[in-house]
Amino acid sequence: MGISSSVSADGSELTILIQGRFDFSAHQDFRRSYESLDIRPRSFAVDLRETTYLDSSALGMLLLLRDFAGGESSTVRIVNCNPDVKKILTISNFEQLFAIR
Amino acid sequence: MTASQSTLVLKVLVAEDTRSDRQILEAILRQDGHHVISASDGIEAVECFRQERPDIILLDALMPSLDGFEAARQIKSLAGETLVPIIFLTSLTETESLVKCLEAGGDDFLQKPYNRVILQAKIKAFNRMRELHATMSAQRDQIASHNRYLIQEQTLAKQLFDNIAHDDCLDASNVRHYLSPKAVFNGDVLVAAQRPSGNMMLLLGDFTGHGLPAAIGAMPLASTFYGMVHKGFALTDVLREINDKLKAILPIGLFCCATFLEINFRERIVTVWNGGLPDCFIYRHRTREVEAVKSHHLPLGVLPSTQLKLDCQYFELEVGDRCFLWSDGIHEARSCKGEMFGEQRLKAVFERSDPGRIFDAILESVHEFTGSAEVDDDLSLLEVVMVEPGNASSRSMPQPAEHNAGLMEWKLDFEVKPSTFKYFDPLPLLLSIITEVPGLRSHSGSVYTVLAELYSNALEHGVLKLDSTLKQTPEGFARYYQLRSERLEHVDSGFIRFHLSHDTRENGGRLMIHIVDSGDGFPHQDVLNPRNRSAGYSGRGIPLIRDICESLCYRGKGNEVEAVFVWSN
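Going down the list, the sequences are from chains A and U.
So for the first sequence, numbering that gives the first Met the number 0 puts the first residue at 0; every next one is plus one.
So for the second sequence, numbering that gives the first Met the number 0 puts the first residue at 0; every next one is plus one.
The set of hints was computed from the structure by calculation and includes no laboratory data.
Please read these numbers as outputs of a predicted model, since none were measured by experiment.
Treat the hints with care, since some could be wrong.
Unchecked claim - Below 16 Å or equal to it, Euclidean Cα-Cα: the simulated EDC-like pairs (lysine to aspartate or glutamate) are:
(1) K86(A) to D491(U)
(2) K421(U) to D491(U)
(3) K85(A) to E266(U)
To be verified - To give an idea of the chain U side of the interface with chain A (calculated C-beta under 10 Å), a few residues:
(4) K111
(5) L309
(6) Y313
(7) Y536
(8) P542
(9) I547
The beta-carbon is built from N, C-alpha and C at its ideal position, and this holds for glycine as well.
Chain U extracted, bound-state conformation:
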């Protein structure tokens, strides 16, 4: 006996009605180290199988009470998915009988008289098959279980994604969209929300790659988008933030092609930023002409935001004009011949369809072209119509009446000390506090301008004691800013105090900006006189503030200024 034979111990059932034959087989098998169970007829054999679950069965074809064929059928049925090799023991030689053995569920046969070497070889071979079958069954069960788990996970992930994206305005009356059910896991993402100012922002993104990695990238994109748009951040701020997030989390090679739209219903202006998606279309309903808006940018998540170009394209629309966005799923949809749908066919749809029918016509044409439902896996389409302000309603849009929640009435005193001027710009900090006021963020550009102009006056004239009359000549202008940086480097006295307060008004509020500097002031009676406007290259800050603010006045010797900014949405 070899070492490998000694390790192979199987439980073998021998069912044979002839006692001598049975004993021969038992002897051979025991000598080889196997555990043997014996039965002398078919009924006994089935019962032994039921109780002992042997690994391999040697079954005589012709036995009393229940023959081998029927016993084999019953045993195979009891074994279910487990492979229990049955080797028929037979003295039959006619082909028909041998075939009958195999048809009854037998795996092989052994002819009398028994040859020990052949029996050993067959037992070894069938044991290999048995083990292979067991391994395959286990692996198949594992795969099936993994697949169930994966589908469960995807369902959960989809729910999670829907929860993040639930407060959108994709259901607004002027928006139509089609996102194939599996699109989330193909990396397509579509989000839409309303800014406090009433502008609508929409972003269609297409992540490179498929499956879970692409879907994961969509999560921070959606949550950043909704968080920032509702707070009133500008398109460029939202883009920069999303880009930063994606750049930080996505591995090299994974990025997000995206088109970002902002619709200003009051001014009827559409702002478009396209990074890597196919041309989106602006459709003029009067002339039925299409203007393609090309991608001028790299996709999101490729460049650090300092290098990301944020310039947008602006379009003036009329009520009834439409914007169409898509991922490359439409252009790349293939017919059964492998041909792609392409831009020409897309343009043809626009030429032959009525304005209100284009959206449906595109989907119909693509489906007709591909002739199968497979295209659904990768198809995203969005249509936005320019409507009168207030007509873009959606049941999930935040109501503008929410002004009463949040930081509404407050007062803040803040002083900048000499050692800080050189290193710290207090404006972003103050602006971020001010724009915590719900609804005020949409005016952050104006508020920033007022704060920045007043702060630079207080710093440059009050603390650094720079004289703006220097700025009357080009050389003086340069000299002025040279002095500014020199003095800022060595400043060791002075202060600037901000006293900010806010209270509510109907549909808005009033922000008081009171700034005091440590300087000597100036004859402010003159500066507010319009006749003294535009002398040299300076003096444009104050008229700017006066235009933006409800009122602007200087106090004391001119080192105190108070600006009142009144806003409403």
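Okay, chain A solo, but in the shape it has when bound:
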């Protein structure tokens, strides 16, 4: 399990990559990955290509990020979901809050 993040070359987008299980144990690393930046990026991407499992506390963390990014006016994309992860996001109607690909 691990969380890593990178800012795009022009500084406009932060990508957070989550490896393994995305559950409560990840919340400190997850929050640090976007709160520690000096300049707030315009948009955010959460890359779940290597995420094997996602629980309801992870849903809470995604909402935290969305609010941090500006709530209704935010741009947060959730990308590269595997079918199991996508199913949980879909059941929770997260596609109404995030751009899920």
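Position chain U against the provided structure of chain A, taking the given hints into account.
For chain U alone, kept in the frame of chain A given last:
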């Protein structure tokens, strides 16, 4: 006499009709310590050979009743593969006669009058040749016997491998494959099986190296693959397990490049994981376009599974679209000029062939290109077609009606005590029992979500008495999980009880999950009300469970919950 001469004792046959000559030779030989047998004509000489099997023969060319030439032929024929040097004794000097001696099977000649030193030297030289010949014959026989043994072993190993791989669905109507006969011993392995959900999984692997080591690696790969796929494990679980096995058994430098495919016929989705094999192709039959799926991963058996990347690529296919997998044998097939077949020629085959003909066209092109059958040694090709669900039938596929076997109807009570919360996560244990139910494993993701959400509610709210209203602000969210770890560290009272039971339904079953915690409960009437959904950053677990389960209800003061999960395949 030197020491080495004294140790050399040979049995020498002297065949000479002139008595005086015979006696001279006998004397010389006896003085040198050899054991001498004498014959006075050709017939006697052949008979002596038959009975005594001398090591070296001194044979007079001209003798009564049977001359030396004919005696030599008969003796050589009796000796068979053993080298019995024959030295002709002759007073003949014409070249033609000497040649005749050698043609009759003689190895050398000694001219009269006899020179003792030359005779000794020739006997020593021919004895060396005799010994060399004996050693070589023995080694040749040994090699031949080893080779027979090796072929026998390979045949057995192939049988063993076929037995492990016998319950596959490589013969399914939507699958075509070509695996050259010797490919198993070149390290290529191809396995295919159906998950209980109906998805088909296929793995093409190419072990580094050749021969037995590569073939041995294929065994645990195949048995792990079949064992896990039939039980319904997910692609990533199977990959991780195979990787672990190979990492543990393969020496450094030996690993397995592999492409793993999962075909979901209902959703028409193909999942691809490619670690180290050449790009596999997704072929769209409408547009006749090819999409190459690159390897994004290291081969299996290189990294520990904690570092193995398991992200896959997903493709939506239409019925009639095809996937093509191959090992590098096709790309690296060489023409007689040493040129490689390469990807360009492969792509050209796709451009010029009808969809249904591509598989054959690839093999034909490669064979034509190489112009020899040698390429067969290292060529593996697989084609899978997306078909309507149920059209991927195979005579060896397990029938879905097998639901009546195994752990079907049962009940389990399980309690977690305070000292255990901190150290032990009971969910994997419980999930492994639950997924023993045949067919239920394909729903393990959903079952896990339900168990995990209910268990964390019971633990966090019931046992640790955490208040989820904390989670309404980002700071509270962090505070909540900080408290969770603090309280978990010091928990000394409370319990969580699982009461699980399962019974069968047509094509599936019903799993009851009843969880009781030691906490004070909560006003549960509100939580199930949809209007109270999505307050703050919490409260998403219960709607998730309600969606997955047939029913969810809280009992008592709210410290008891019962979820009913109904499944069918």
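* Asked: When you check the alpha-carbon spacing of K421(U) and D491(U), does it fall within 16 Å?
  -> This hinted pair holds, its Cα atoms lying about 10 Å apart.
* Double-check Y536(U) for me: the hint is only fine if its C-beta lies closer than 10 Å to a C-beta in chain A. => Since chain A brings a Cβ to about 4 Å from Y536(U), closer than 10 Å, the hint holds.
* Does L309(U) meet its interface restraint, that is, does its C-beta lie within less than 10 Å of any C-beta in chain A? -> 7 Å, holds
* Do the numbers back the hint for I547(U), that is, is its least Cβ distance to chain A under 10 Å? -> For I547(U), the interface hint holds, since the closest Cβ of chain A sits about 7 Å away, which is under 10 Å.
* To do: Double-check Y313(U) for me: the hint is only fine if its C-beta lies closer than 10 Å to a C-beta in chain A.
  => 8 Å, holds
* To do: Take a quick look at whether K85(A) and E266(U) sit within 16 Å of each other, Cα to Cα.
  => 14 Å, holds
* **When the least beta-carbon distance from P542(U) to chain A is tested against 10 Å, hint result** => Nearest chain A Cβ about 7 Å off; hint holds.
* Compare the distance between the alpha carbons of K86(A) and D491(U) with 16 Å, and conclude whether the hinted pair is satisfied. => Answer violated: K86(A) to D491(U) is near 37 Å, above 16 Å.
* **Supplied contact hint for K111(U), tested at 10 Å Cβ to chain A** => 94 Å, violated
Checked against the numbered hints listed earlier, the structure breaks hints 1 and 4; every other hint is satisfied.
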